[in-house]
Amino acid sequence: MNDKRTIGGTILKVENVSVVFGGVKAVSGIGFEVREGEICAIVGPNGAGKSSMLNVLNGIYCMEPGGSITFEGVKHYKIAPMQAAKLGIGRTFQNLALFKGMSVLDNIMTGRTLKMKSTFIEQMFYYGRPHREEMENRQKAEEIIEFLQIEGIRKTLVGKLPYGLQKRVELGRALAAEPKLLLLDEPMAGMNIEEKQDMSTFVLEVNRELGTTIVLIEHDMGVVMDISDHVVVLDYGRKIGDGTPAEVSVNQEVINAYLGVAHEG
Amino acid sequence: MQNNEISAQDTFPKLLEYQARTRGNKPALRRKILGVWQTWTWSQTAAEVQNLACGLAAIGFKRGDKLAIMGDSRPRLFFAMNAAHCLGGIPVPTYPDGSADELVQILNNSEARFAIVQGQEQVDKLVEIKDRCPKFQEIISIEPRGLDDYDRSQLHAYIDVEALGRKYHAEHPNFFAEQVNQGKADDTAVILYTSGTTGTPRGAMFSHKGMIAVGRRSVEQKKLNADSETLAILPLATTTAVLVYYVEPYLTGFCVNCPESSETIIANMREIGPKYFIAPPHVLTYMYNFIILSMMEAGVIKRAMFDYFSGAGRNIQPLAWLLVAGPLKDVLGLSRVRIALISGDFLTEKVFDFFHGLGVPLRQSYGQTEGFSFVTIQPEGGIKSESVGLPVKDVEIKFADQGEILFRSPAAFQGYNNDPQATAEVKTADGWIKTGDTGKFDKDGQLVVLGRIVDLGQFNSGNRFVPKSVENRLKYFPEIKEVMSIGHKRDFVTAIININSDVVRKWADKRALIYSGYAELAGLSETYGLVKGYVEKVNQDLSRSDEKHLQIKRFVILNGEMSADGGELTRSHKLRRPFIGKKYEKLIDALYAGKNTCTIEFHDEQVVGQRIAAYVQVKILDAQTF
Chain U
1 MNDKRTIGGT ILKVENVSVV FGGVKAVSGI GFEVREGEIC AIVGPNGAGK
51 SSMLNVLNGI YCMEPGGSIT FEGVKHYKIA PMQAAKLGIG RTFQNLALFK
101 GMSVLDNIMT GRTLKMKSTF IEQMFYYGRP HREEMENRQK AEEIIEFLQI
151 EGIRKTLVGK LPYGLQKRVE LGRALAAEPK LLLLDEPMAG MNIEEKQDMS
201 TFVLEVNREL GTTIVLIEHD MGVVMDISDH VVVLDYGRKI GDGTPAEVSV
251 NQEVINAYLG VAHEG
Chain V
266 MQNNEISAQD TFPKLLEYQA RTRGNKPALR RKILGVWQTW TWSQTAAEVQ
316 NLACGLAAIG FKRGDKLAIM GDSRPRLFFA MNAAHCLGGI PVPTYPDGSA
366 DELVQILNNS EARFAIVQGQ EQVDKLVEIK DRCPKFQEII SIEPRGLDDY
416 DRSQLHAYID VEALGRKYHA EHPNFFAEQV NQGKADDTAV ILYTSGTTGT
466 PRGAMFSHKG MIAVGRRSVE QKKLNADSET LAILPLATTT AVLVYYVEPY
516 LTGFCVNCPE SSETIIANMR EIGPKYFIAP PHVLTYMYNF IILSMMEAGV
566 IKRAMFDYFS GAGRNIQPLA WLLVAGPLKD VLGLSRVRIA LISGDFLTEK
616 VFDFFHGLGV PLRQSYGQTE GFSFVTIQPE GGIKSESVGL PVKDVEIKFA
666 DQGEILFRSP AAFQGYNNDP QATAEVKTAD GWIKTGDTGK FDKDGQLVVL
716 GRIVDLGQFN SGNRFVPKSV ENRLKYFPEI KEVMSIGHKR DFVTAIININ
766 SDVVRKWADK RALIYSGYAE LAGLSETYGL VKGYVEKVNQ DLSRSDEKHL
816 QIKRFVILNG EMSADGGELT RSHKLRRPFI GKKYEKLIDA LYAGKNTCTI
866 EFHDEQVVGQ RIAAYVQVKI LDAQTF
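If you read the protein sequences in the order shown, they are chains U and V.
Under our numbering, the first residue of the first sequence carries the number 1, and numbering increases by one thereafter.
Under our numbering, the first residue of the second sequence carries the number 266, and numbering increases by one thereafter.
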């Protein structure tokens, strides 16, 4: 695929962020930057603080005083989940967080919640604004369904779908909010090769076609090296590497911590 | 004065003009876009065709040019068929998922300069092979998504071509009408490539006149009218699809509905409720399995009702209809079906009986590319599962050596494109066409097809080996998807079996068996036990018939699915026996050498362009014979 994106200025700047659970320092003093339009991968062994980092970014965890997150030029010392969503930060979860008893379409429609302005009373009568909104949002949801090629399961209950497809639906729901920054927590975990290929293609397409900036956590180094523009490596809550995939893969500290110690001969 | 009757319209552009004039506001095509069915009326269709035709002319399409068409059924691809006709060009529909080599052969043989395709997937493929096709130039993609990643100098989005067409028409207002009027009934109207269970694809050419003649005959025999709505399930690259979705609607004015994708066929069937239903065996089997799988998950009462009433076979009791057949037909979208036809290969008896049990009047037919689809069709009063019907009007059938079926039809093909030698091999001087199939007439005069001549073999003992006979018996069981039997120049029959993973998976889950993927599921000793039971049941049946020598002595369950991409099946889902014989040579040797296991090597090229070889050990089992 030819790359015709324009990677812009910094969209997200993380400075000195720490997360503490009781006595455990999950993330300590991390800082990195994500430029607009790029795919940034956060890698590291289990317990390195990757998911905690994402949780800080969309406001699920609170960071310790002293840290800050600058999103689109505005500095935040504290972000609430709702605020993150309003800012345009969307995410998917490591262990799926879909509504299993609802259809694929309904799940994706829930991603549009923030775009619906009509009140409860208006909704009850379903006339005028709610009707119009439903049409607009359904249109958007259908565009996402087409984009992710899940027309065949539009009306299927999510709980009945195989894992790989559920992951895709979750991506769809995150996309429904039209985020500027998309956080993907292990989008390819537990998938077979074919599902991984599909998912990588979709992640790339979201980035290339929709122009969404993506921060993802991934264990499969092959995938990371293939699709990301920028890699941040964490270990025990510290940042030990930051750069292009090529730079990171020759960084000795990273090799020792994560890729395994290189043997000679 | 111009004759305005439909019978006077002798080319497809003129027929379209007639339909647009007489039934302009009636639906011609529908497709579900973003979850909502969109309709194109006949007059909208005519306008779209005019824009596209002018647009094609603007980018250099000349009379006699070939336009390759690649994709699932989409209204815009149907417009493209007619647009090419308007300009005196020849559409060449091809399979959207054909391999690169097939495509190169087709593009080079047809000398196509233009292609109109569904989307990025086909664009990718064409861009990749462009260097190997010296004549091939311009690509038009109907989905604009993803095109920006390519060099756009010879790649156009459909909407851009359409806009060019509007401009071109404004500048040359008489151009379109002049082009349409230049069209002659004897012009070649389409080139269709045979799927080819052996060898290279050959392009059969048909004229407007021939296609319209077959269409008129077919409309009359099937009693089609403007209400005979249909769902376009078959791939556009087959004669049957061109006949049913293009020729017949142009003659009668019925609406063709395009499914969203191949995975949504059942949902789309239900939404549309077609009256004219034509499907290949694998789609019918898929629908059957869908019901069987749903039934496995259903509650006790539903399942008991289903088992009880579907056992009743073709005798439809009112209660069965009310409780089982009616609702099932509704779920499958078959409630309104008046004409139902099976196209392509044989349908197994169990699926055939299932649909008849529901009261769907599914009829067998026999078609040949060279005869432009149907050669025989079962009459309404003569439906049975083992034969394929009476010759259609004006078609004669006779048998040559080895029982080879020959037919003669006034509307048969004009010959193979750029291949007079192949034409001479197939078509005799007095117009008989060799089918390569062997058959006979049954006592009612219906044709019975026994199989491909090249597939028939002989045992060392001299007995005749009819592979289809064994295979169809085994495919009776829903757990078994595909079977290839071997016996030619051997002492006994062995079989290579493919399980139906959907059904077996459900079965295995119920028994809490542990497996991680298709290969492991296929290799489970429990799966082997299940299949062995079926093989022995078939053997027992065979031992009571006059085909005793066809009993299966040994069998193996393959660790991967046979597919068209893997080369084991044709695009129309028929076995490619010589290919399989070669690919699994080692396995077949092991079957006859009495070994209990065999290590086979397989390549998975889908993994990001890398060629990874893997070795897997498969088990071979002996089955009891009787």
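Treat each hint with caution, since some may be false.
Restricting the straight-line Cα-Cα distance to at most 20 angstroms, the calculated cross-link-like pairs of lysine to aspartate or glutamate (EDC-like) are [what the hints assert, rightly or not]:
| no. | chain 1 | residue 1 | chain 2 | residue 2 |
| --- | --- | --- | --- | --- |
| 1 | U | LYS155 | V | GLU536 |
| 2 | V | LYS297 | U | GLU142 |
| 3 | U | LYS155 | V | ASP659 |
Don't read these hints as lab results, they were simulated from the structure.
(request) Could you tell me which of the numbered hints above are not met by this structure, giving the numbers in increasing order? (result) The structure breaks only hint 3.
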